[in-house]
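Enquirer: The primary structure of each chain is shown beneath.
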Amino acid sequence: MEFEPKIVGFLCNWCSYAGADLAGVSRIQYPPNIRIVRVMCSGRIDPDFILETLIHGADGVLVMGCHPGDCHYIEGNLHAERKAKMLRNLIAETGLEPERMHLEWVSASEGARFAQLVKEFTDRITKLGPSPISGENPNKVILENLLAAKRTAGDFRLRVIVGRERELVEDKNAYGEKVPQEKLDELLSEAIKTEYTRNRIYNMLEKESLSVRELSKRLDLSTQDVLTNIVVMRKKGMLGVERIEGTTPIYMSLEVR
Amino acid sequence: MATPKKEIPRVGVFVCHCGINIGGVVKVSEVVEFAKTIPDVAYAEANLYTCSSEGISKIKEAIKKYNLNRVVVASCTPRTHEPLFRNACEEAGLNKYLFEMANIRDQCSWAHMHEPEKATTKAKDLVKMAVAKARLLEPQDEPEIDVTPSALVIGGGISGMTAALSMANQGFNVNIVEREPELGGMLAKLHMLCPNFEDASKALSSIVDAVKSNQKINVLTSSEVEDVKGFIGNFDVTVKKDDKPLKLNQGTIVVATGAENFEPINMYGYKSNENVLTQMQLEKLLKTGDLRKPDKVVMIQCVGAREEKGRQYCSRICCGVAIKNALIIKDLYPETELFIIFRDLQTYGQEYEACYTEAREKGVHFIKYTSSNPPEVSSNSEGKLTIKTYDAFLKEMVELESDLVVLSTPLIPQKDAEKLSKILKVPLGSDGFFFEAHVKLRPIDFATDGIFVCGSAHSPKDISESISQALGVASRAAIPMANKHVRADAITSIINEDLCSGCGTCVRICPYGAIQKNEIGIAQVTSVVCKGCGTCAASCPEKAITMRHFTDDQITAQALAALEG
Amino acid sequence: MADSVLVIGGGIAGIQASLDLASRGMNVYLVDENPSIGGRMAQLDKTFPTMDCSICILAPKMIECSRHPNIKLLTYSEVQEVKGSAGNFEVKILKKPRYVDEEKCTGCGTCAQSCPVEVPNEFDMNIGIRKAIHIPFLQAVPLKYLIDEENCLKCRLCERVCGAKAVNFDQKPETINLNVGSIIIASGFELFDSTKKSEYGYGRYRDVLTSMEFERMLSASGPTGGNLVRLADGKVPNTIVFIQCIGSRSSKDLPYCSSVCCMYATKEAILIKEHHPESEVYIFYIDLRAFGKGFQEFINRARDEYKIKYIEGHPSRIVEDPKTKNLQVHYEDVVEGDIKNIVADLVVLCPALIPRKGNEKLSKIMNVQLDELGFFKAKDSLLNPIDTNIPGIFICGYCQSPKDIPDSVAQASGAAARAAETIIQATQRGKR
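Protein chains in written order, with the numbering used here: chain E, 1 to 257; chain F, 1001 to 1565; chain Y, 2001 to 2432.
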C-alpha cells in the first residue's frame, strides 16, 4: 500500500485556520492527510505538544500562524517562531529529521497558499517516508532521544531563554543592555545541548541504575561529559547514588516534580 | 488545581450533511456509525442541516433524552457556527463550553471532493479528535461585569460630536476629549461642504452649540488621552488637560480622531512656488475670501495617493472636493478656466456624480492622465506655472499655463494614531488607519470589546458618511451601557500559585498587560483583560499557567487522537 | 408596544438595525416581503475585498435574528398602513398565506421532492429551478416552506406526503396590527433592466448575463453548483468580459453611479481566475472606482497577481455568432484609438442598482419623501443622512443612496441609534 503520511496541523484561529476554511470555501483541493487542531493563537503552541505528537508517531507536524504583523494577539506568532527555532535545534539532536516539524504563515485570505503549503509539506513528508518511530518496529534510540528532548523542552532554563528572547534581544535586560542576537543564539544552543544530554542521562537512569562508564557507553558520550553533568544533576536533586559497587557509584534518577 | 468530582462524559455527536456539501463527499452515515464506537460517545445522529432550527431542536432534545453532558457537532467551521451551537447547548441546560466542533466541511469535504474514501476517513478522525477534546472539556463561567453608563469620545470633530450627541440623547453621560482648544476638527477648516455646498461654519456652529448646551456632555478641550487601563464597562482613563492629569471612569470608548492632510513636500513645486497649493490651502483662501481672480487654475488629483508602492489607497473624497472647489471658483469668477487632471474620477453615488455633470456643463475641463505618465509642473522666473501632462483621451502630451496649481492630496492617518493604538491596544491596518473588527460586518467595532471607531480615523470619508458611522457607533456603544452589564470572556488563563516561581516571564509576554505580580511576587491574571491567546501558558517555565478551554491536556488529547488506529 | 421598532426590509441593513436594537432590550418587528430574510447579501457568493463567503458571515446573523427573544420576524409580509407619529405609530401588516403552517413545518423538504411543478427559481435569478412548494434557498430563515399560489396545481401531493401535517390550503391572508415607537426603512435595491441596452443582446443571447445571475452561478450553492458554464452549450467559458455602467452614469438612463460595481466585478473576476487560472478576464470601465477601505489595493492585486485586464471604455455592441454562440464584443481601444473586438465566451453586464419599485407605495403609506430617482430622501443628505421628513421614521442601506455592505451596516446601526433616541425621548415625555 502506498504510504499515507499522518500529519497533524496546529493552526491559529484567526489567520491560518481561516485560511484553511477559505481553501475549502474556494474548493481548492489538497491532500487529505492533515488533521488540524485549532488553537486561538500560534503562541499557544507549547513545544511539548509538538514533541508529544512526534513521539506518538506523527510523520509530520505543521504549525501555522498569522503573518508577522497580522497576529490577532499582536505578537503571539513571533513567540511561536522562537519556539520553532528552538525545537528545530533540539529535534536535530535526536536523530529524527528536523524537517518533520515545519512552521508557516498563512493569512485568512490565503486559501490557495494554505492548500499549496499543505501539498508541499505532504509531498516532502511522503518522500521522507514514515517516521522512524511509527509502525510496528519503532527505532528505540530515536524514541528514547525524543523522550529526552521532551523533558528538555520542559526545562526551566530553556523555557526562560525562549520566553524572554524577544525581550532580551529587542528591549533591555536587567542591566539596561541589549543582548546581541548571536550571543543569545549561542547561549540557547549551548543550553539545548547540555539540557538534552542531562535529560538523556536522567531518562536512562530512570529505567536502570548505572555507572558513569556504562552511561557513557550507552549514550555514546565521553566519561568526562557524563561526570560533569552528573555533578550538576546531583546538585539539582535530579540524581542520587543508589549503591556503590566496589568503588563505583551506581546512579539513579530521583523523582522531580 | 482542585478538580471537583469528575462526571463520566456522555458525548452526543451530530454529523451534518449540509445538504450535499458534506453528504455529497463524506459518507455521513459511516461517520455516525463510527462515532458510536468512540469511547464515551452516548449518542450519535446525522442531520440534513444541523444549523437549521430543526437541527438545533434535535440537539436540544437529544441532550435531554440521552442525558448528554458534552456535545460535538461535525459540520462547518467553528469560526461562524460555534456560537449558534453553544447557545443550543445552553438552552438545553448544558454549559456552553461543553461543546466542541469538528470541521468536516470547510476543511474536509470541500477540500477533498474527489477523494470520498479519504475524506470519510479524515472526517472520522476529525470527529474522534473533537470527541477526545470534548471528553476533557470543563464548564466555564462568563462572569458578569457592571458597565459604567458613560462614554469617552476621543476627538471633537463632526464624528465625535455626532456620536456624543446621540449617546447623550439616549441618556448616557459623555466626555469628549479634544486636543485642540476648540471643537470642530477638520470641519472648522473647511469653506463649503461637498456635495451640497452647505456653509461649513454654519453646519459646525449648530452642532457645537448643541454639544455645549447638552447637560450630559462634558467637553474637555486642549486635552489628550494619556493612559487607558481596564476593560469594557470599566475603563480607567487618564486625560491630560492643560498639563494636569484627570481621571475618568468610562464604560465605553469611541475613537473619532479623524485624519490629517498629506503635505506634498517636494511634489509638483509645492513649497518652492507659492502658487502651488493644496486643496486645503485653497479652501482657506475661499473661506477668508482672499482668492484673487485667477485666469487659469489646474487641479491635479491623486497627489500622493493610489501609488504603485507606498500609499496605495484611494482617499475617496478628493475628486469630490476638487469638483466642489472648481464649481465655487466658477461661481466667483465665471471667466476663470479650470482644469482637473485626474486618473479615475471617484464621483460615486448620486450627488458627486451630479456635481461632476454640472462641472462639465459649466465648462470645467477634465484631463485624464495615467499613473505611468504623471503631470509635470515647472515655473518660470516670474512664477508663472507650466503643466505638462499626458492626455489619455487625445493620446498626446498637452501643455497648460496656469496661475494656480492645486494639488489634491489624500487624507492620511493622524501622526499620533500609533500612540493611541498602543494606549487602547487596538490595531492599525497596513494603511495606518484604525483597523476594525471585521471589514464587512463589523465596520465600526474594534476586536476589543467596548471600543469603537468612526469617521476618518477608520478611513477617509466625507461628512455624511462620517455622521452615519458616528450614529452607528452611538448604537454599538449604547448596547452594553443600556444593558448595564456585560459578560466577560471565559477563555482566559489562570495561574496555579503553588507552581508559580514568580519569574515574571508571563508578565512580560502578555501583550495586553493582563498579568501582574501580586504583593508576594506571584503572577495573577486579570481575566477581563485577558484575550485568551495562551502564549503565557505555552511559555511559562514552570508550566504553572492553565489556558481555560485550551488546556495542555485537551490540545494534546485532540492531536494524539489523530494518530490512533 | 411603544418601545418597539418596526424594521422594513430583512437584508443586511435591516438585520443589523434589528440586532442592535434587540441586543439593548428593545422589541423589534422585522418585516420582509420575501419568504426569507437575508436580502441581496444572501445571493452573493463572496464579498470584496476580503473574499469572505457571503452566506457564511451572513447566516449566523440571520439565525440570530430568528432566535432573538426580542425580535419578531414577519416574513412574506407587507406594510399596509401606518398612522400616528414618533413614539406612537399604528401599523397594519398584511401577512400573505404560505399555505404551510410555520409552527408545524420542520423544513425537511419532503413536500418539495414530491411536488410535480418545476418553475424558475427567482433567488437563483431564474437560472435554476424550484418547485411550487419551496424555500427560496437552503439557508433560508425561517426555514419554512411555502406554496407559490400562482404555479401550484392544487394536486395536494405535498399535503399527502407531509409528515408534520403542515400544509394548509385554507390559509388566508392575515392582518397584524402593531404599535411601535419608531420605524426604520431598509428596503434595499433592485436591478436595472438590462434588456433596455439592446446593443448588448441581454435576453437574446443566452450567455450575456447580469452580474447577479453570474454571482449565483459562482455560488457553490447556486444553480450550477459553483461551476462556471455557458448556458448555451454547457462548455467552460475561457474568455469572459465584464461591462460596467449598464444604465448607470448615463444621461439617457440613470445619472448616478451605483458605487459597488467596479469592486464586485473585480471580485467576480478574481473568482473566475481562482476557478480557472488559465481564463482571460476583461473588465470594461469608464472610471475605475475603488474609493473604499482596501479597495485600490484589491484592484492592484487583481491586475498584478490575477492578471485581470482592465480596459477603459464602453463597448459599442455585442454580436453573437449563431453557430458557435461566441460573443463578439466591439469596442474602441481608447489607448490605441482603433476599433477592436474581443471574442468572448461569456459576457457579464453590471447593471445600475436602482431603488425598489415598492418604495413608492411605502412612501405613500408613510408620507416619507422620495428623491427624483426613487431613493428615500434624507432630511439633509449631508448632515442628516438617516432622518426622513417624518420624525421617528429613519432610513438606512441602499434605499437611501448607493452604498456597499460595511457602509450599509454602519448606517443601519446609526438608524438603530436614532430609533432608540426617539423611543427613549418619547418615554421620558410620557413620564413627565
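In short, the hints are calculated from the structure, not lab data.
Any given hint could turn out to be false.
Stated by the list, open to error - Computed far set for chain F versus chain Y, every beta-carbon distance over 10 Å: (1) Ile1038; (2) Glu1054; (3) His1114; (4) Ser1222; (5) Glu1351; (6) Lys1440; (7) Arg1476; (8) Gly1513.
As the list claims (entries may be wrong) - From the derived model, a few chain E residues whose C-beta atoms are all more than 12 Å from chain Y: (9) Val25; (10) Asp48; (11) Val141; (12) Val212; (13) Asp220.
As the list claims (entries may be wrong) - In the DSSO-like style, the derived pairs of lysine-lysine whose C-alpha atoms are separated by at most 27 Å in a straight line are: (14) Lys1216(F) <-> Lys207(E); (15) Lys2072(Y) <-> Lys1058(F); (16) Lys1368(F) <-> Lys2307(Y); (17) Lys2307(Y) <-> Lys1484(F); (18) Lys1064(F) <-> Lys2431(Y); (19) Lys2165(Y) <-> Lys1060(F); (20) Lys1058(F) <-> Lys178(E); (21) Lys1216(F) <-> Lys2307(Y); (22) Lys2309(Y) <-> Lys1395(F); (23) Lys1060(F) <-> Lys2104(Y); (24) Lys119(E) <-> Lys2072(Y); (25) Lys1064(F) <-> Lys150(E).
The C-beta atom is built at its ideal place from N, Cα and C for all residues, glycine as well.
Enquirer: All hints, please: hold or fail.
Expert: Here is what the structure says about each hint:
1. Ile1038: It holds; Ile1038(F) is separated from chain Y by about 28 Å at its closest Cβ, greater than 10 Å.
2. Glu1054: Contrary to the label, Glu1054(F) does not stay out of reach of chain Y, its closest Cβ about 5 Å off (not over 10 Å).
3. His1114: holds (14 Å)
4. Ser1222: holds (27 Å)
5. Glu1351: It is violated; Glu1351(F) is separated from chain Y by about 6 Å at its closest Cβ, not greater than 10 Å.
6. Lys1440: With a cut-off of 10 Å, Lys1440(F) comes too close to chain Y, as the shortest Cβ separation is near 5 Å.
7. Arg1476: violated (6 Å)
8. Gly1513: Correct as stated: the minimum Cβ-Cβ distance to chain Y is 29 Å, above 10 Å.
9. Val25: violated (5 Å)
10. Asp48: holds (34 Å)
11. Val141: holds (47 Å)
12. Val212: Per Cβ check, Val212(E) is outside 12 Å of chain Y; nearest 62 Å; holds.
13. Asp220: Given that every Cβ of chain Y is farther than 12 Å from that of Asp220(E), nearest at about 52 Å, it holds.
14. Lys1216(F) <-> Lys207(E): At roughly 74 Å apart (the allowed maximum being 27 Å), Lys207(E) and Lys1216(F) break the hint.
15. Lys2072(Y) <-> Lys1058(F): holds (22 Å)
16. Lys1368(F) <-> Lys2307(Y): holds (23 Å)
17. Lys2307(Y) <-> Lys1484(F): The given pair, whose Cα atoms are some 53 Å apart, is violated under the 27 Å limit.
18. Lys1064(F) <-> Lys2431(Y): The given pair, whose Cα atoms are some 46 Å apart, is violated under the 27 Å limit.
19. Lys2165(Y) <-> Lys1060(F): With a Cα-Cα distance of about 23 Å, the restraint between Lys2165(Y) and Lys1060(F) holds, given a limit of 27 Å.
20. Lys1058(F) <-> Lys178(E): violated (60 Å)
21. Lys1216(F) <-> Lys2307(Y): Violated, at about 55 Å.
22. Lys2309(Y) <-> Lys1395(F): Distance ~20 Å between Lys2309(Y) and Lys1395(F) Cα, so the pair holds.
23. Lys1060(F) <-> Lys2104(Y): With a Cα-Cα distance of about 18 Å, the restraint between Lys1060(F) and Lys2104(Y) holds, given a limit of 27 Å.
24. Lys119(E) <-> Lys2072(Y): Measuring from Cα to Cα gives roughly 48 Å; hence the hint is violated.
25. Lys1064(F) <-> Lys150(E): Violated: Lys1064(F) and Lys150(E) sit about 43 Å apart, past 27 Å.
In terms of the numbered hints stated before, the structure departs from hints 2, 5, 6, 7, 9, 14, 17, 18, 20, 21, 24, 25, listed from lowest to highest.
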